[in-house]
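Sequences listed follow chains A and B, in order. Under the numbering used here, think of the first position of the first sequence as 2, with each following residue one higher. Under the numbering used here, think of the first position of the second sequence as 2, with each following residue one higher.
Careful, some of the hints might be misleading.
Since the list gives no way to pick one copy over another, a pair counts as held whenever it fits inside one copy or between any two copies.
To be verified - Mimicking DSS-like on lysine-lysine, the simulated pairs with C-alpha atoms at most 25 Å apart in a straight line are: (1) Lys63 <-> Lys35; (2) Lys210 <-> Lys156; (3) Lys95 <-> Lys176; (4) Lys157 <-> Lys63; (5) Lys64 <-> Lys35; (6) Lys210 <-> Lys287; (7) Lys265 <-> Lys210.
Treat the hints as calculated values from the structure; they're not laboratory data. Owing to the predicted nature of the structure, the values given are computational and were not obtained by experimental measurement.
2 protein chains.
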Amino acid sequence: MKIKPECATCIIRQIVDISIEVTDDEIEQFRLVKGCMPVINEEYHNNAVPAWMGTVIHRHFKKISNCEDPYKRLKETANDTAQNYIEDVENKIKNSDNELDRLKKCVLATIAGNSIDFGPFSISEDIVPMIEHTLNSELKIDCSKELLEDLKSAKKVLYICDNAGEIVFDILLIKMIKKYVNDINDIVVAVKGKPILNDATMEDAENLKINEFAKVITTGSDIIGIILEECSEEFLKEFEQADLIIAKGMGNFESLTEYNLNHKKLYYILKAKCDPVAEFIGVDLKDSVLLSNKQLQKNLANIDKN
Amino acid sequence: MKIKPECATCIIRQIVDISIEVTDDEIEQFRLVKGCMPVINEEYHNNAVPAWMGTVIHRHFKKISNCEDPYKRLKETANDTAQNYIEDVENKIKNSDNELDRLKKCVLATIAGNSIDFGPFSISEDIVPMIEHTLNSELKIDCSKELLEDLKSAKKVLYICDNAGEIVFDILLIKMIKKYVNDINDIVVAVKGKPILNDATMEDAENLKINEFAKVITTGSDIIGIILEECSEEFLKEFEQADLIIAKGMGNFESLTEYNLNHKKLYYILKAKCDPVAEFIGVDLKDSVLLSNKQLQKNLANIDKN
Numbered sequence: 002m003k004i005k006p007e008c009a010t011c012i013i014r015q016i017v018d019i020s021i022e023v024t025d026d027e028i029e030q031f032r033l034v035k036g037c038m039p040v041i042n043e044e045y046h047n048n049a050v051p052a053w054m055g056t057v058i059h060r061h062f063k064k065i066s067n068c069e070d071p072y073k074r075l076k077e078t079a080n081d082t083a084q085n086y087i088e089d090v091e092n093k094i095k096n097s098d099n100e101l102d103r104l105k106k107c108v109l110a111t112i113a114g115n116s117i118d119f120g121p122f123s124i125s126e127d128i129v130p131m132i133e134h135t136l137n138s139e140l141k142i143d144c145s146k147e148l149l150e151d152l153k154s155a156k157k158v159l160y161i162c163d164n165a166g167e168i169v170f171d172i173l174l175i176k177m178i179k180k181y182v183n184d185i186n187d188i189v190v191a192v193k194g195k196p197i198l199n200d201a202t203m204e205d206a207e208n209l210k211i212n213e214f215a216k217v218i219t220t221g222s223d224i225i226g227i228i229l230e231e232c233s234e235e236f237l238k239e240f241e242q243a244d245l246i247i248a249k250g251m252g253n254f255e256s257l258t259e260y261n262l263n264h265k266k267l268y269y270i271l272k273a274k275c276d277p278v279a280e281f282i283g284v285d286l287k288d289s290v291l292l293s294n295k296q297l298q299k300n301l302a303n304i305d306k307n
Numbered sequence: 002m003k004i005k006p007e008c009a010t011c012i013i014r015q016i017v018d019i020s021i022e023v024t025d026d027e028i029e030q031f032r033l034v035k036g037c038m039p040v041i042n043e044e045y046h047n048n049a050v051p052a053w054m055g056t057v058i059h060r061h062f063k064k065i066s067n068c069e070d071p072y073k074r075l076k077e078t079a080n081d082t083a084q085n086y087i088e089d090v091e092n093k094i095k096n097s098d099n100e101l102d103r104l105k106k107c108v109l110a111t112i113a114g115n116s117i118d119f120g121p122f123s124i125s126e127d128i129v130p131m132i133e134h135t136l137n138s139e140l141k142i143d144c145s146k147e148l149l150e151d152l153k154s155a156k157k158v159l160y161i162c163d164n165a166g167e168i169v170f171d172i173l174l175i176k177m178i179k180k181y182v183n184d185i186n187d188i189v190v191a192v193k194g195k196p197i198l199n200d201a202t203m204e205d206a207e208n209l210k211i212n213e214f215a216k217v218i219t220t221g222s223d224i225i226g227i228i229l230e231e232c233s234e235e236f237l238k239e240f241e242q243a244d245l246i247i248a249k250g251m252g253n254f255e256s257l258t259e260y261n262l263n264h265k266k267l268y269y270i271l272k273a274k275c276d277p278v279a280e281f282i283g284v285d286l287k288d289s290v291l292l293s294n295k296q297l298q299k300n301l302a303n304i305d306k307n
């Protein structure tokens with residue numbers, strides 16, 4: 002999907018937030034924000050993809066701030082916040098009536114985790130009420146039956162993660178998916194190759210010991226979402242071989258929808274955290290979504306007709 | 002006062018908002034936002050004054066959009082919104098116990114009006130609850146006793162307006178002040194000389210017939226706040242002759258605090274609608290303030306000492 006005019010406000014807020022995060026020196030904060038403005042101006046146009054625009058600008062920020070991981074502290078906080086909730090959430094899922102209900106609850110839990118995000122939300126925003134609200138809400142777009150059917154016949158599943166914090170909740174869904182495949186190597190979890198925004202990296206995955214119940218790889222790069230042309234051979238091989246792909250969060254959605262992947266069994270799980278994404282999907286702001294690639298194509302075709 | 006790093010987010014949001022306001026054509030919206038970015042980059046530095054930076058950027062927007070009054074519709078809406086409340090507010094003031102209480106209530110009413118502002122707030126924000134909350138709240142900084150004393154000895158009062166909408170509520174305070182001066186020409190109300198942001202202009206003043214109980218002039222220019230060097234002779238004469246000045250809103254506060262006006266009896270009336278202004282004054286976001294120039298100097302001196 003392409004950016005909307007209002008994406009200018011969001012990207013500059015991210016840069017302001019992170020400038021204040023990496024230094025207390027106001028003169029330096031001005032230098033960092035000002036240093037990103039020409040790059041924002043260059044990348045901001047009606048054909049830009051939000052995740053790709055964000056990638057270029059956040060990479061530039063890392064360079065001019067000489068800071069390889071500006072969100073490090075915030076990611077640790079996000080992981081801690083998620084850990085505080087994980088037991089409650091697990092208990093809720095245990096009480097599920099059946100397989101489909103359990104799957105839905107797992108998906109909602111990972112969307113609750115997707116609330117922990119300093120891209121669309123300001124660092125100062127209190128995300129705890131949003132986690133609770135999401136857990137107690139319904140999926141606005143619900144392709145869970147389709148996903149359950151596909152899981153039952155899946156040989157190899159690729160699970161593309163989004164943010165730190167969120168990844169703690171992702172484990173619940175990953176554990177459930179694992180029951181449907183034969184081997185630990187048949188569920189592949191992908192995190193970022195290098196730090197970018199608050200996205201989960203191998204460090205997060207290792208701290209959470211995800212390798213105990215899945216094969217963990219990286220995309221091989223510091224891309225917000227996925228730019229296939231910049232991914233590692235290893236990632237591309239898994240992407241090709243997987244007969245079911247689950248992509249978490251807005252960045253993966255924004256970027257993967259730029260490719261023709263109609264032949265893939267691909268599911269997007271996300272909270273629509275800004276108007277441009279909500280509008281593109283056809284839901285309201287802050288709605289929770291489990292959307293198959295197939296369903297998305299139908300929706301877009303209907304919009305084109307009307 | 003000077004801008005803070007986060008002022009970048011606010012100014013770009015204003016430009017996005019107003020681009021969407023003046024055209025439905027998305028390509029044109031991108032052109033307008035992108036067209037303002039180099040000017041934002043040029044004006045944005047640690048020594049910039051928010052109201053002055055805003056002036057340059059909004060003037061540039063008017064030029065590249067070929068639209069002399071981008072906020073025209075929004076200002077009309079703001080005036081209508083305020084008119085819906087004016088009777089309720091007048092009734093509240095009528096029930097005042099005494100002169101000081103009446104003055105405070107009038108001041109709070111004009112601050113409630115100051116909630117109607119598309120500078121710091123997004124166009125989509127619902128301002129009605131904010132008006133009601135302000136009316137029922139207290140002044141966080143309250144120099145009303147000092148103002149009442151000064152009013153009693155005032156010969157000539159200059160009242161510098163801020164926004165459309167707000168100006169409807171200003172009338173209540175202007176009418177009260179009028180009782181303390183001898184002649185209609187001794188209370189001078191200043192609006193903007195040309196449209197800028199959602200600031201009140203002569204058209205707003207004329208529609209509200211303010212000239213029936215005050216002398217109405219303009220600043221002679223389209224400045225957010227006041228840049229004395231750009232004001233008309235007429236305004237400067239009234240500014241010089243007034244022995245009591247009341248300046249409404251953040252723009253006037255941001256800009257007038259850049260001058261040495263310690264010799265003036267000057268009062269700022271505003272709602273602190275963003276963190277940089279709230280921090281500078283030493284109050285919380287959304288607090289209501291009636292602050293004398295004298296008190297401000299004392300506060301700033303104390304901050305310097307600590």
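Homomeric proximity label, Lys95 with Lys176: Cα distance no greater than 25 Å: within (13 Å within a copy, 68 Å between copies)
- request: Please work out whether the CA atoms of Lys265 and Lys210 approach to 25 Å or closer within one copy, between two copies, in both situations, or in neither?
  value: neither (29 Å within a copy, 67 Å between copies)
task: Check Lys63 against Lys35 for me: Cα-Cα at most 25 Å, and say if that holds within a copy, between copies, both or neither.
output: both (14 Å within a copy, 23 Å between copies)
- request: Pop the pair Lys64 and Lys35 into one bin, within, between, both or neither, using alpha-carbon distances up to 25 Å.
  value: Both ways: Lys64 and Lys35 sit 14 Å apart in one copy and 24 Å across, limit 25 Å.
- prompt: Within a copy, between copies, both or neither: where do Lys210 and Lys287 come within 25 Å Cα-Cα?
  reply: Neither. Shortest intra-copy (30 Å) and inter-copy (45 Å) distances fail the 25 Å Cα cut-off.
- prompt: Can you tell me if Lys210 and Lys156 fall within 25 Å by alpha carbon in one copy, between copies, both or neither?
  reply: For Lys210 and Lys156, only the intra-copy Cα distance (23 Å) is at most 25 Å; the inter-copy one is 77 Å.
- request: State whether the alpha carbon distance between Lys157 and Lys63 is at most 25 Å within one copy, between copies, both, or neither.
  value: Classified as neither: same-chain Cα gap 35 Å, cross-chain 57 Å, threshold 25 Å.
In the structure shown, a violation is registered for the earlier hints numbered 4, 6, 7, in ascending order.
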